[in-house]
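Novice: Here the protein sequences line up with chains A and B, keeping their order.
If you read the first sequence in my numbering, its first letter stands for residue 348, the second for the next number, and so on.
If you read the second sequence in my numbering, its first letter stands for residue 348, the second for the next number, and so on.
As the list makes no split between identical chains, a pair holds if one copy fits it or if it spans any two.
Mimicking DSS-like on lysine-lysine, the simulated pairs with C-alpha atoms at most 25 Å apart in a straight line are: (1) Lys-615 to Lys-457; (2) Lys-693 to Lys-520; (3) Lys-693 to Lys-507; (4) Lys-693 to Lys-519; (5) Lys-548 to Lys-519; (6) Lys-519 to Lys-457.
Treat the hints as calculated values from the structure; they're not laboratory data.
Number of protein chains: 2
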Amino acid sequence: MADNKSLEVNERAQYFLKVLVERYIRDGEPVGSRTLAKDSGLDLSPATIRNVMSDLEDLGLVVSPHTSAGRVPTISGYRMFVDSLVTLKPPGDREVASLQRQLNGVADPKALAASASQLLSGFTQMAGVVMVPKRSHIMFRQIEFLPLSGNRVLTILVTKDGEVHNRIIEPKKHYSASELEQAANLLNQHYSGASLEEMHKRLVSEMEDARHDMNQIMARALEMAETVIDSSDTDDDFVLAGQTNLMDFDELAQMDRLRQLFDSFTEKQHLLHLLDDSLQAQAMQIFIGEESGYHPLDHCSLVTSPYEVEGEMAGVLGVIGPTRMAYDRVIPIVDITAKLLGAALKQE
Amino acid sequence: MADNKSLEVNERAQYFLKVLVERYIRDGEPVGSRTLAKDSGLDLSPATIRNVMSDLEDLGLVVSPHTSAGRVPTISGYRMFVDSLVTLKPPGDREVASLQRQLNGVADPKALAASASQLLSGFTQMAGVVMVPKRSHIMFRQIEFLPLSGNRVLTILVTKDGEVHNRIIEPKKHYSASELEQAANLLNQHYSGASLEEMHKRLVSEMEDARHDMNQIMARALEMAETVIDSSDTDDDFVLAGQTNLMDFDELAQMDRLRQLFDSFTEKQHLLHLLDDSLQAQAMQIFIGEESGYHPLDHCSLVTSPYEVEGEMAGVLGVIGPTRMAYDRVIPIVDITAKLLGAALKQE
DNA sequence: TTTAGCACTCCCGAAGTTTGAGTGCTAAGC
DNA sequence: GCTTAGCACTCAAACTTCGGGAGTGCTAAA
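With the sequences and hints as input, model every part of the structure.
Specialist: Here it is as C-alpha cells:
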C-alpha cells in the first residue's frame, strides 16, 4: 500500500514527526497542522504539513483519533522517535549530585534498592522499579540452622553483601541442635567464598557423591542447604515506588485499566520477565505500549536499564509510566540512576 | 432542635432504620418510602414511612442527597446500625474450615500474616490488613554480629517464633570478628528467655551500670544490642492485600480519593495508629467513614479486631472497604479470622 | 395515628444545537 | 514539482432544552 510511495521517511518528514511527538507529549492533545506549522519553526503553511502528515499516516507512524482531530503518534511513531529522533535532556548537575548523595547514604542492598526506586519515581513523577540483585552474582558467606518446635528448622543464609535470607524448612527427620550446628559448620567451611550460583551447582553434584559416603551429617547438610538456596531463588523480586503517581495520568485513569495495572504489580511474574529482558540484553530497553505483549501494560511504557557492579550485570531498574511520557528526560534519568546504583553497591 | 421531639428512637423507627441500611448496603441507591414500605414487611403505607423517615432525618440518622431522592444512612445511622441493629451472618462451616486449613498450612509468622490478609481480602472482596505481632510479646532467642567492610556490622536478631530481623549498623569504632563473637555470646547468655520489651528495659539500665565496670566488651555489646532492638521496633508494620478490590467501588472511584487512600497505605503511619486503637481497646473496633478522623479514609470503613496468642494481645487484623459495606458478613469474618490466626500462631 | 391525594422539586437521560478545530481536495502560484 | 490559499465537509465536545420518573412534604379525611 504505502510501499509504492516511499518506504523510508525523508528527513523533513522525520523532523515533523519529532516535533509532533514532542508536542503531543507536552500537551497530550492531537496535534493539528496549524500547530505543527508554528511549532516546527520552518516557514511552511498548514496545507503543506497536511500533505506530510498524510504520508506519515500511510506509513503508520501517526493516526488521527477521528476525522477532524489532529494526529497522534502510533506505537511505531514513538518507536522511531525514541530510536533515532529524541534529543536527550540529561539532568542537571544538581540533580545528579542529589541522586548520588541519597544513594550513598544507604547501607544495605535492600534499602538501597528501595531508595533507588523512590528516587526514580520522585524524579520522573511516575513509578520506579528496581529489581534486586540476581542470585548468580551473590557471594555466599555463612549459613545457620536453628531448631524450632517439632522438626522445623529456621535457616539463615547470609551473603557477602550483608543480605540475610531466612526460611523455615521442615525436614522429615528430627535434628538435634548440635547436629544442626555441625552441619552448618561443614557447609560454611566447604562453600566459603563461592557464589550462590556456583554453590547450587556444586550442591547438586555433591549430593550425589555424598549418598555413597557414610557421612550422614554431610548428606543431610547438603540437602537442607539445597532447599534454602533453591528457595532463595524465588526471592527474585523487585521493589516498586510511586505507583500512585500513575493515577494522575488521564490515559490510565480508567478503573479497569488501572486495576489491571496495579494487579500486575502485585502479581510480579510478568513484570519480572520484562525486566529480565533488559538483563539479558545487557542494555537499556524501552517497551512502548503494546510492544511488551503484556496487556496490563498496554497503555504504558517501560524504560529499563541493567546496572552493573564490578563489571557484572547485577540487576535491572527502570520506570513505568504512560506511553506518552517525557522520554527525553526519563531515559537519561534511568541511565544515570543505573550507573549510580551500581557504584553505590560496589562500596560493599 | 430535634430534642423537643424525642431524643431516643422508638423501636419501630429503629426497625425501619435497620431495613433502610440493609437495603442501601445492598443496592447503593437512596431508599424511598415506597421501597421501604415493601421491604419492611409491615403493612404500612408509604406516607406513614415518610413520617418516620422525617423523624430519623431530624435525628441525623439519615439524609436525602436532594429533595426528591430517597434516604441514605449518615455516619450516625451506620453507627447505630452496627452497634445495635445488625443481624450478623456468620460464615458457613465450609468457609471457616477453608480459612482454618489455609492458615494452618503456613510455617512462619510473616507468611502467616500475609496469608491472613489475603484471606480477609478474598472473603470480603475488599482490602485485608494484618498488623504483625508487637515487640512486647516477642521472645528473644539469639543475636549474631557479623563484620562487614569498614566498621559496618550486620546484626541478626532471631526471636523465638522463628522471625529474623536484620540490620546493618555502623559503630564509631572498629570491632574484630572475635570481639563481635564474644559480644554476641555474652548477650545470648545474658538475655536468654527475655522478651524484647523486657530486654529493652534491662539494656537501658544495664548500660548505665556497665559504664562503671571495666568490662568494655559488655558495654559495647549492650550498646549495639540497644541499636538493634530499638530499630526492630520500627519494623512495626502491617501487610495489606487486595487493595485493588477497592477500585471496584463506585464511592471510591474518584482518582483523587483513591490516590489519597492508596498513598495512605504506603505511608502506613496513620493506619498503624488506627490499628493500634483496637489493640489498646482489646476489642473489635469499627471506624465508619469520617469517624477515624483520617481524611484518606473518609469514605471507607475499617473493621478491626485484635488477635491473641496464649492469652496475650499479639496484633491486629482487619478489613478496609467502603463505608457502604456488608457489615453483617464482614464483622464475623474479621472476628473469626482473628481467632484462627491467633490459634495458628500458637503452634510455634 | 394512619392514609390517600396532590402539588412540587429535582435528577437524569435523550435529543437537538452550536461551535470550533481540523481535514482532504482542488486549483492556482512560484 | 513542490507549495499554498480556499473551500466544503466532518466530527467531537459542550451546551441547551425538555419530558419523565421518583420521591417528597403537606393537608385533610378516615
